[in-house]
Amino acid sequence: MHTASQERLSEGERAFVDQVITSRTGCPGALLGILESVQEHHPNKYLPVQTLEYIAAQTNIALSRIYSVVTFYALFNLQPQGDNTICICRGTACHTRGSRNLLQSVRLALGLGLEDASETSEDDKTLLTTLDHKYTVRTVACFGQCALAPVVEVNHRICGHVNERTLQREISTLERESY
Amino acid sequence: MPNKKLSIRIDGELISALEGQTILQAAKVNGKYIPTLCDLEGLTPVGACRLCIVEVSGIDRLIPACTTPIQDGMSVTTTSARLTHNRRISLELLFVERNHVCAACVSNGHCELQSLASAMGISTVRFAYNYPKLGVDLSHPRFLLDHNRCILCTRCVRVCADLEGAHVWEMTSRGIHARIMSDLNQRWGDSRSCTNCGKCVQACPTGALAEKGCAVEEMVKRTDNISSLIQRREVQA
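In order, the protein sequence lines correspond to chains S and D. Heads up, the first sequence is in my numbering, so the first residue is 37 and it goes up one at a time. Heads up, the second sequence is in my numbering, so the first residue is 2 and it goes up one at a time.
Excised from the complex, chain D in its bound form:
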């Protein structure tokens, strides 16, 4: 049975979307922009970055658009002073948590975190930087992992588990000590389950996962490849 059509309002405009879609999906299909870092088309949404928060009339708190399914008659606001304020705080906290040095990053100019920040006009951060001492894993022959640039969006975890089926990546510990790690907290190069496919590298929104041999600004990610691969898989299935 085809999914029921529901009508919702996004920023006052009446649109129709399919039952089961999330607010973010419905907005995307209808050309409405909601900022996000952890969402990647086709992957299971997790609501990790909290940038896709929206206002839904009748609900006082802010709601993540990527994990909330639409309901008939819902009225969604995607831009407001309150939303901008909260998105800004989320972004600033992402910068505070790790050592994001754009000038020395392979993804400079192609980084989703950087472009979102500049789109929102963030030039300074109001909180004190954490400056954690973090390592770089260069053990893989083709790719590298730099914890300093990781924003814990878990795109690599999901793309590896859902699409590649290898499930090399996972989060270890929690809170401020949370890190991305492979297998039993081994070096990436020692991981026996890694298939060297590089999907995690392409899915990564920042320069945390990158190809070796790239100089500053040279790492261009192809997230569209990942999304189209998922789409073709779904058509086949």
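For reference, chain S alone in the conformation it holds in the complex:
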């Protein structure tokens, strides 16, 4: 739940949002494109509440409408994302090939803890970010790469036939790169 924030956007951010809105005014369904560009522009790849409020004010689109669009599409984030994204497929094929174990081993390796009962009730989507904002772990329903099951996407690169060892290796590579 968000409370109305009094914080203002910085001058630069406002200029960027204004420019995106102007470049897309008039075309139908402009909101999706605006939100996508603005999120991509943000260093933490998310849409802060202040930005949503600013977009609503500038485009005359109702706040509720914007929030509805943002929560409908899995692409949009309302929380700051980590520098690296590890996306684990939880589709049927990947599940039978052990993607639950992969998810749990990643969570343990990154210190995100194991699932608790409250999460399993809404377990169609997991989205966790480490406290140091280095990693985000998320799940997806299906990549459409079932022949490569289990599939894990590391920073938008698809890895097939992943097991716990190869996944561990991927994480240590990311760890090395960040230094």
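A portion of the hints provided could be inaccurate.
What the hints assert, rightly or not - Partial chain D-side listing against chain S, Cβ under 8 Å, derived:
no., residue
1, E165
2, V169
3, W170
4, M172
5, S174
6, R175
7, M182
8, S183
9, D184
10, L185
11, N186
12, T196
13, T224
14, N226
Said to hold, decoys possible - Restraint ranges, calculated between C-beta atoms of paired labels, are given here:
no., chain 1, residue 1, chain 2, residue 2, range
15, D, S124, S, L150, 25 to 35 Å
16, S, A51, D, Y130, 29 to 39 Å
17, D, Q72, S, P64, 25 to 35 Å
It should be emphasised that the hints constitute simulated quantities derived from the structure, not laboratory data. Keep in mind that this is a model prediction, so the values were computed, not measured. We put the CB at the ideal spot given by N, CA and C, even for glycine.
Once you have looked at the hints, place chain D on chain S.
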């Protein structure tokens, strides 16, 4: 230019209706009853509840009457065993999705969901109940929102956006996690765009949106007020 007159058949009876009308509108004008929960006269139809499904000859699948415009020579069937079967399933699934406890509801006896179910003779539900844990928003000074009784018909969303112009309500998330929410998922009382007009409360078919201070069975909705308001607006325009 006035709209062209088309002739269609509803349950075998020949009727004439205006081009651009939906099957549901044409049926209503001619006194034919089609059950519906999400439709409210004057609001944009969305086809959310799937109770107004009808059979159209020549088309194999069932068609929602509220969003389908009539065509000349169309032959529509509004009651059949197949339709009853499918409407029943839709209704039962509505009951399964939330916690509809009629005996403790302010709208008991005046609820569109309840009266439709009893008209169709639904006394039991064949599916397992979901029993979701849902909240009640009491932050508004005059009204309350109880997610347990919501059927996601989006009447409140449309009445607020189309008629009041405030656009306080919208759906958030999707599928089984879909909820009605105001502004940026704020509490209703904290919403800055709400004008406290209460149109959403009157439009709501169940007790999900209700006036505060009502005891069980005391919340009577005035959907006719909403419809006549829309009609008068259209005459003015």
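Quick rundown of the hints versus the structure:
For D:E165, the shortest C-beta to C-beta distance to chain S is roughly 11 Å, which exceeds 8 Å, and the interface hint is violated. Satisfaction of the interface hint for D:V169 is found here, the shortest Cβ-Cβ separation to chain S being roughly 6 Å, below the 8 Å cut-off. With its C-beta approaching chain S no nearer than about 6 Å, D:W170 sits inside the 8 Å limit, and its interface hint holds. Because the beta carbon of D:M172 sits about 6 Å from the nearest beta carbon in chain S, less than 8 Å, this interface hint is met.
For D:S174, the interface hint holds, since its Cβ comes within 8 Å of a Cβ in chain S; the closest pair sits about 5 Å apart. Taking 8 Å as the C-beta contact cut-off toward chain S, the hint placing D:R175 at the interface holds, the least distance being around 5 Å. About 7 Å separates the beta-carbon of D:M182 from the nearest beta-carbon of chain S, less than 8 Å, and the hint is met. Because the smallest distance between the Cβ of D:S183 and any Cβ of chain S comes to about 6 Å, under 8 Å, the interface hint for this residue holds.
Annotation: interface hint on D:D184 holds; nearest CB of chain S at approximately 5 Å, less than 8 Å. Annotation: interface hint on D:L185 holds; nearest CB of chain S at approximately 5 Å, less than 8 Å. Annotation: interface hint on D:N186 holds; nearest CB of chain S at approximately 6 Å, less than 8 Å. Hint status for D:T196 relative to chain S: violated, with the closest Cβ pair at about 13 Å, above 8 Å.
A hinted interface residue such as D:T224 counts as satisfied when its beta carbon comes closer than 8 Å to some beta carbon of chain S; here the least separation is about 22 Å, so the hint is violated. Contact between D:N226 and chain S, as hinted, is not supported at the beta carbon level, the nearest pair being about 24 Å apart and thus beyond 8 Å. Roughly 44 Å separates the CB atoms of D:S124 and S:L150, a value that falls outside the hinted 25 to 35 Å. For S:A51 and D:Y130, the Cβ-Cβ distance of about 52 Å falls outside the hinted range of 29 to 39 Å, so the restraint is violated.
Our hint of 25 to 35 Å for D:Q72 and S:P64 holds, since their Cβ atoms are close to 27 Å apart.
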